[in-house]
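Undergrad: Below are the chains, spelled out letter by letter.
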Amino acid sequence: MRDKRMVLFGFVRGAAAIVLALAVGAIFIFLSSDEPFTALRYLLIGPFVSFHGGVTAFNTQNFYQILAAMIPTIFTGLAVCVMFSANQFNLAAEGCVLVGGFVGSLIGIYANIATGWHPVICVLVSAVVCGLIMLIPSVLKVTLGASEMVTSLMLNFVLLYIVLHFLNYHFADRSKGATMTFPFLDSAKIPSLVSGTSKLTWGFVVALIISFLVWVFMYRTRWGYAIRMIGINESFSLYSGMNVGRMIILSSVIGGILSGMGGSLEVLGRYNTFVWRELPGYGWTGVTIAILAKNNPGAVPLAAFFLAYLNKGCQLMSTHSDVPSEMIDIIQAAIFLFFAAEQFLSGFRQKLVVKTTREELVRAESLDAIEGE
Amino acid sequence: MFDQLIKSIFQAEFLFVIIRITAPILFAALAAVISEKAGVANIGLEGMMMITALFGFLFAYWTQSWVVGVLGAILVGIILGLMMGFFSFKLKTDIILSGIAVNMLGAGGTIFLLNMFTGLRGNTGALVSPNILIPTIDIPLINKIPILGDILSGHAILTYLAFIFVFLMRTFLYRTPLGLKMRAVGENPNAASSVGVSVIKMKYIAIAASGALAGMGGAFMSMYYSQGWNQGMVAGRGFIALAAQAMGRGEPVGAMFSSLLFGLAQAMKTKVSGLRGMASYNYLIEMIPYVVTIIGLVFYALSVKLKTRKHQLQPIKE
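Same order as they appear, the protein sequences are chains A and B.
Each residue of the first sequence is one higher than the one before, counting from 1 in our numbering.
Each residue of the second sequence is one higher than the one before, counting from 1001 in our numbering.
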């Protein structure tokens, strides 16, 4: 009874946080727009419903695009989940996505590997490279106690400039106007899942499978348990004989591997060549997703879907009305703050707990009365 | 190549540039110091600087007065600090996460807000005019001294303020009752609370002060340093400041010296990229300040570790 009510409370609270955040967004829309209702309509239901010529219909292409947009963010969401579970505020997923995409691209351009295996090799190599990169903040944290948060934030900039250097001076296709690499070999591209221009590739299926595997790892294996336990109580883990340092490094390396995979699957699936010239921002979206999913890998695809939907809504809103798409950042920050707030609606929760306890007491007393007869 | 570099470094102008570059980092580092002293890890400095830089500039533009701009930036910084405080102390959002949320607002929200208020996209280049920029001052007497004058005179008012704040903050933290209470809250909240210090109140004061300092840093960036607001303007200075705080052992004067180190790294970056034959390494040169930050943090952590080992103490786990 109590558990059921608490789960329900969790849902209500999450929904309230989201509604509140959207309300904050709506306030800004009303403040800034001359046509707030058009803007709101595109933001909230635009992604699914098309309004062309007065006919409303389910928009399949938009739906596929939303699913496609989830590919990199599921990976970064999972990466952040694993690292945050061990209480490691490591924010280098952002840089790792970029490096993963770049390394995957290079292999996709220069290595001649048989069709079928080519994308697999690209993704695996970029995963390994990013896993190794994550050794930097995590080993520094474990051996020296240097804040993983600050080193990982600095590392993002370092990785960005390294990639830009190699992109500009070693691998650029000089025949193009903009800076980009040579086109990928056809064998390296991730095949599409559906026809059309939605860019929904097999990467999406891989992302779902990996989410399941990460869930199994975190909730059904010893290492996953150790990682979660470090997050819950590091001293307890230390005194009960866990190798805390090694587990922290492991969680960060897994985070790197996942972000690297996400980056290369995204680049090889969406583009024909490597075009990123700045940090892509998926790492930060990953943080929001991990918060929405409460660090549970199983809930990551759902959270990623929600954010991809919102993002699509914001894009549609900016094309069809006068509200810029950066609105998403304001809504996202508001969701973030309310969702992560442990005491949000705590008064309601308190009442619920009291009520449940009273009912249980009454029931226990009546049971005693029956036994006493 | 190196003699070119050395020639350009041993000039009064280079030291002048270091001080100019250090000022915004120093404001942010002091913001980190004061919040950390009360046990509040403010990682939202980057976003705070972006937002206050924007509002500072807008206030200055609307009133055509730089003073109002700076005061507006400080006010917005305080509001942001109190907002972070409300979510973290009242609603128990993890302070790191509130910081990330503020950074998110700083990254994309500012572009939205700029568009909402002015209809511009990405930068305020069109709105800049001389009277909304923070003026520079020549210090009488000192500007007559040959080399020293070139280095120390002619900076913006806020630059001097940044360095004055270092010593004001040291006095505040170590010579006033409020500072003592604040440090007590940071070191041991239970002990502080047991002698009647309101922990929450101290934390609110600390994070509001942190916001105000970040606001000055933001105003400095948009109203003096880059002469207008643009979206890539703060470029990690808020994060570098966190490293400066850590390297400076959480003390105002220490943070000043590590901020100067990062200012030096930043200034070196500009010098090195201006050298002949370095054009094709420009991206690697851009990296210098960030690499220096990581190396600095490593050395700091190493020194702490060696020190604790020397005293035969176990490092305290968080």
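Any given hint could be a false lead.
Computed far set for chain A versus chain B, every beta-carbon distance over 10 Å [as the list claims (entries may be wrong)]:
id, residue
1, F9
2, L31
3, L91
4, L193
5, S195
6, K294
7, I328
8, A333
9, A334
10, V354
11, E360
Below, simulated BS3-like cross-link-like pairs (lysine-lysine); rule was C-alpha separation at most 30 Å, straight line [as the list claims (entries may be wrong)]:
id, chain 1, residue 1, chain 2, residue 2
12, B, K1305, A, K294
13, B, K1269, B, K1092
14, B, K1092, A, K4
15, A, K294, A, K351
16, B, K1201, B, K1007
17, B, K1090, A, K4
18, A, K355, A, K4
19, A, K351, A, K4
20, B, K1181, B, K1269
21, A, K351, B, K1090
22, B, K1092, A, K351
23, B, K1307, B, K1144
24, B, K1201, B, K1090
25, A, K4, A, K294
26, A, K355, B, K1090
27, B, K1181, B, K1271
28, A, K176, A, K189
29, A, K355, B, K1181
30, B, K1271, B, K1007
31, A, K351, B, K1271
32, B, K1092, A, K294
33, B, K1181, B, K1007
34, B, K1201, B, K1181
35, B, K1007, B, K1090
36, A, K294, A, K355
37, B, K1181, B, K1092
No wet-lab data here; the hints were simulated from the structure.
Computed from a predicted model, the values in this text were never measured in an experiment.
Just so it is clear, CB atoms sit at the ideal spot from N, CA and C, and this is done for glycine as well.
Undergrad: Flag every earlier hint the structure violates by its number, smallest first.
TA: 2, 3, 7, 8, 9, 12, 13, 16, 20, 23, 27, 29, 31, 33 and 35
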